[in-house]
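Novice: The primary structure of each chain is shown beneath.
Protein chains: 2
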Amino acid sequence: MRKIFLLMNVSLDGFFEASEHDISGFKSDFEAFSAGAGGEVDGLLFGHRTYEMMKFWRTPEAQQMAPQIAAFMNATPKYVASHQPFDPEWDNVTVLSGDVIAAVQQLKTSSGSTIGIFGSNQLCVSLMHHKLIDEFQIIVNPVVFGAGTALFTGLPQKTELTLKTSRQFQSGAVMLIYHP
Amino acid sequence: MRKIFLLMNVSLDGFFEASEHDISGFKSDFEAFSAGAGGEVDGLLFGHRTYEMMKFWRTPEAQQMAPQIAAFMNATPKYVASHQPFDPEWDNVTVLSGDVIAAVQQLKTSSGSTIGIFGSNQLCVSLMHHKLIDEFQIIVNPVVFGAGTALFTGLPQKTELTLKTSRQFQSGAVMLIYHP
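Listed in order, the protein sequences are those of chains A and B. Residue numbering for the first sequence follows numbering that gives the first Met the number 0, starting at 0 and increasing by one per position. Residue numbering for the second sequence follows numbering that gives the first Met the number 0, starting at 0 and increasing by one per position.
Bound-form chain A, shown alone:
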């Protein structure tokens, strides 16, 4: 069974995005990527909106800014959960439309190693409801947004997690790793 983990940035006040979907307050992506989403990741899963932002990694600017990450993002099989089919306009992408839960359950039993989800709050809440996420890597950034959308908005009940470990980054962000 393949492991699925979530990598998600939040502000100290628990928002995964500030007002108007603003995520410019997060600065720890590269460090976190190296720390958490290591070499064993051979699949990436996104919600549609996050995917549209991730398409940045196919551009020449991304190639110049962080060539290793860009190469990884281009080469790694990507899965996008979407209500409707759409043209992904990128290599190595499978659009999971229709019954996303069944598609992810199938993905989990397919051959391969670890699958990482970056962001994609709404998708995560659905997957949590079906116990399909094995690890939560939450990066608490040293910033208070004051307003925004709370982590796991839409989760219908209080959910306890088990802390496995934590680590500080140079940026002042702290990664907290939990299991269900």
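Hints listed in this document are in silico derivations from the structure and should not be mistaken for laboratory results. Watch out, some of these pointers could steer you wrong.
Note: identical chains are not told apart, hence a pair may lie in one copy or across any two.
[Said to hold, decoys possible] Straight-line Cα separation of at most 20 Å, EDC-like style, residue types lysine to aspartate or glutamate; simulated pairs: (1) Lys157 <-> Asp21; (2) Lys157 <-> Glu19; (3) Lys107 <-> Glu134; (4) Lys26 <-> Glu159; (5) Lys2 <-> Asp41; (6) Lys107 <-> Glu39; (7) Lys130 <-> Asp21.
Remember, it's a predicted structure, so these values are computed and weren't measured experimentally.
Using the hints provided, position chain B relative to the given structure of chain A.
Specialist: Same frame as chain A, now just chain B:
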């Protein structure tokens, strides 16, 4: 100048209380008290609503449950910010009504050592606006509330903090310590 620090529990999704002021999801109070609010604390500051909960510590039940903390809470000078004067019904309490900011500024220049604020979100937001809090000890609990009131609700703008250190507790809570 006396140092003022804040000790505040939050859920992983950034709520200092769940719906209907429920804080029963936090379990790290005693550990955190020992870790953060050490022997140097010789003053406590609360908002009125938090103070009403803190009055638990004057009861025989508190005395039995955690005699050291109860003794500390009874003996330590307590200051309560309140819009209106009221009868505190506890020893060593000063009610700061009227201009709370001026009263806290005066408290900061009075003789003594460190002053701890426990909880009291609304008071904290006012004090942050006037740069009166020197340290933030935020305890991230291993629980997702799904709904509640966000940390520092009412803060009018994005605010960056500087991480000083972090520590894990047995309970799975993590204390993150920031300076402004």
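Novice: For this structure, which hints from the list above don't hold up?
Specialist: 7
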